[in-house]
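Colleague: Going by the numbering used here, the sequence shown opens with residue 36, and the numbers climb by one from there.
Mixed in with the good hints, there may be bad ones.
Listed next, the in silico DMTMM-like pairs over lysine to aspartate or glutamate satisfying Cα-Cα at most 25 Å (straight line) [what the hints assert, rightly or not]: (1) K82 with D94; (2) K108 with E74; (3) K108 with E122; (4) K71 with E58.
These aren't lab readings, by the way, just hints derived from the structure by calculation. Just so you know, these numbers come straight off a predicted model, no measurement behind them.
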Amino acid sequence: MAQLLADRRDIDFVIWEQFNGEELLNHELFSEYSRKTCELMLTEARKLAINEVLPTMVDGDRQGVHLENGIVKVPESYHRVYQLMKEGEWGNLMVSEEMGGQGAPPHAGLATIEYFMAANWSLYSYLSMGNGAAEMIQLYGTEEQKT
Numbered sequence: 036m037a038q039l040l041a042d043r044r045d046i047d048f049v050i051w052e053q054f055n056g057e058e059l060l061n062h063e064l065f066s067e068y069s070r071k072t073c074e075l076m077l078t079e080a081r082k083l084a085i086n087e088v089l090p091t092m093v094d095g096d097r098q099g100v101h102l103e104n105g106i107v108k109v110p111e112s113y114h115r116v117y118q119l120m121k122e123g124e125w126g127n128l129m130v131s132e133e134m135g136g137q138g139a140p141p142h143a144g145l146a147t148i149e150y151f152m153a154a155n156w157s158l159y160s161y162l163s164m165g166n167g168a169a170e171m172i173q174l175y176g177t178e179e180q181k182t
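Given only the sequences and the hints, what does the whole structure look like? Please build it.
Modeller: Shown next, in the form of C-alpha cells:
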C-alpha cells in the first residue's frame, strides 16, 4: 500500500541526483536546511501520510463533503488528522518565514506535498488553501497587508 503514494527511491533520485538538490541548499534562503533535515522531513511526511492521512480517504469517498444548514461538513475522520497536520505545520512548509511559514526548499517541500496529496488530496487541500494568497500578499501586497 505504501508504494501507491510515491516511491521514496524515485523521490530521492529526482531530488538529489537529477536536480542536484544539495546545490539548492547552498542558497542563503535555505541555510537552515541540510540534506539530512530534508530527508528527515520526507521520512516523517511519508509516515504521516501512510499512517494517518491515507486511512481518511475511505471516509472522504464514502461520506464526501456536504452542505448542512449553510455549513460545509467534511468527514469526521478529517478533523483529528487535520489538527495533526496543522500542528506539525505541514501545510506551510514552503511559505516564507516572513509570512509565518517554514521556508523549506521547494524540492523537499513539493515531495512532502506529493505524499499528502496522494494519500488524500481533498484533506491536504484544506490545509494548504491559503498558501497562494500568502504568496500573492508577500509579492504584491502593501506593507499593511504584510503585517
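Colleague: Is the hinted pair K82 and D94 satisfied, with a Cα-Cα distance of at most 25 Å?
Modeller: holds, 20 Å
Colleague: Between K108 and E122, does the CA-CA distance stay at or below 25 Å?
Modeller: holds, 21 Å
Colleague: Are the Cα positions of K71 and E58 separated by 25 Å at most?
Modeller: holds, 14 Å
Colleague: Tell me if the straight-line CA distance from K108 to E74 falls inside 25 Å.
Modeller: Violated, at roughly 35 Å.
Going through the hint list in order, the structure does not satisfy hint 2, though it satisfies all others.
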